[in-house]
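Start from chain Y and add chain S according to the hints.
There are 2 protein chains.
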Amino acid sequence: MQTAGMAAIPMILSESVEASPKNDIQSFSDGNVILFQGDSITDAGRDRKRQLPNDAHSFGNGYALMTASPILEQFPEKQLQIYNRGISGNKVYQLEDRWQEDCLDLRPSVLSILIGVNDYWHKRNGQYDGTVEVYERDFRALLDRTKETLPEVAVVICEPFSVDGGSAIGDGWQEEFTPYREAAKRISDDYGTRWVPYHKLFKEALKHAPASYWCPDGVHPSMAGAQLMAQAWLKVVMG
Amino acid sequence: MQTAGMAAIPMILSESVEASPKNDIQSFSDGNVILFQGDSITDAGRDRKRQLPNDAHSFGNGYALMTASPILEQFPEKQLQIYNRGISGNKVYQLEDRWQEDCLDLRPSVLSILIGVNDYWHKRNGQYDGTVEVYERDFRALLDRTKETLPEVAVVICEPFSVDGGSAIGDGWQEEFTPYREAAKRISDDYGTRWVPYHKLFKEALKHAPASYWCPDGVHPSMAGAQLMAQAWLKVVMG
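Residue numbers (this note's numbering), protein chains in the order written: chain Y, 1 to 239; chain S, 1 to 239.
Same shape as in the complex, but just chain Y (with noise of 0.2 angstroms):
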């Protein structure tokens, strides 16, 4: 976007993530979907009473807002249609139990998805006994199902990610956790997807503020840290 005065400072981004060769947006046809998924880092306070695409009270105030909102406003001639669909609280087999509506129905070229802290958070809280193995098991087969239907959406996994220092980042948690990013990654390279390094990156952000800054609770972003998200992303995705 940026002016001198801004454009001096991703550094953060410069040491954490690759850009991609390719553009999909460029490349895209005119009225193409964009669909953010995931929980309630994707879900952000939205409306969910409204599911309208490129509106504000529909996308709440986290990074899915802050990667839209670039986006429409550069390409005003593409007509794309945006949505946000992330839900609090989800693990990746309620992802797979509201799909057909919230993804497949919406027919997106680009798919993005941030899902799998809360498959970890509620079973370490006693809330849920999934493990990491039906985590990897259902993610895949949510991307199959996907792929069945959508042959040509381009996927962009974005790595689930919990931040050093946050408040509810107890003893054991990263190790426990690790696991699940893993399986993500793995995922994204077997499927071929994008994918978007946030736990790299705020392990980046973090030499330059504490988790108070970023991430107050180590899971849900600030506005710096969903910015970042959302620059991150761009980076990705737009090349």
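As the list makes no split between identical chains, a pair holds if one copy fits it or if it spans any two.
With a Cα cut of at most 25 angstroms, we get these calculated SDA-like pairs of lysine to any residue:
1. 203 / 77
2. 78 / 199
3. 49 / 88
4. 207 / 19
5. 78 / 151
6. 49 / 87
7. 203 / 14
8. 200 / 133
These are computed hints drawn from the structure, not numbers from a lab.
Same frame as chain Y, but now just chain S:
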């Protein structure tokens, strides 16, 4: 911010907004305060029970969020405190009523004000009898009062705007509203403030997509319009 794919596009900005030669934020001290003030366009659905700096729920989902977030992302070491205190429906005299607690007490280093569309709109629809002279007089009084308490504050005046083709922009609107925009510009010139030319910006944007894309009712920007406003603000203030 930006990557190659996204860097090519800000033509709307380059055609309508001049970058400032001076970058206020770069010269800030740690912990400095930036304050966004205005009406519904600034408010943008923020949770007014929270009055927190750097907090997405306290910011809503409009241009203030989209302006503040990249600043927070890119200057983590500055520990800036950024507030949104816009309130829906406000006219300039209503800023005056709450100026002590919602501006002066916060001691901003940068104060951004976007006010004026309701001063006209509410008069147009018979809910208010202030004239453009009242708007200008009260706006100047507000700045005098601000400068008295905060002689060092850098003021940014955002041009009040209305977008041709918006559903609320009836016959005669633009002609009758123009004097308000002109008054704001005179004030900006007289007080030596930064000036964000939003009316010009949206006129330029209309070359690429209609009002329904940027600002459906002509007053309240869409996601795309809010992002454009944020980029313009950053260009003017960040240099």
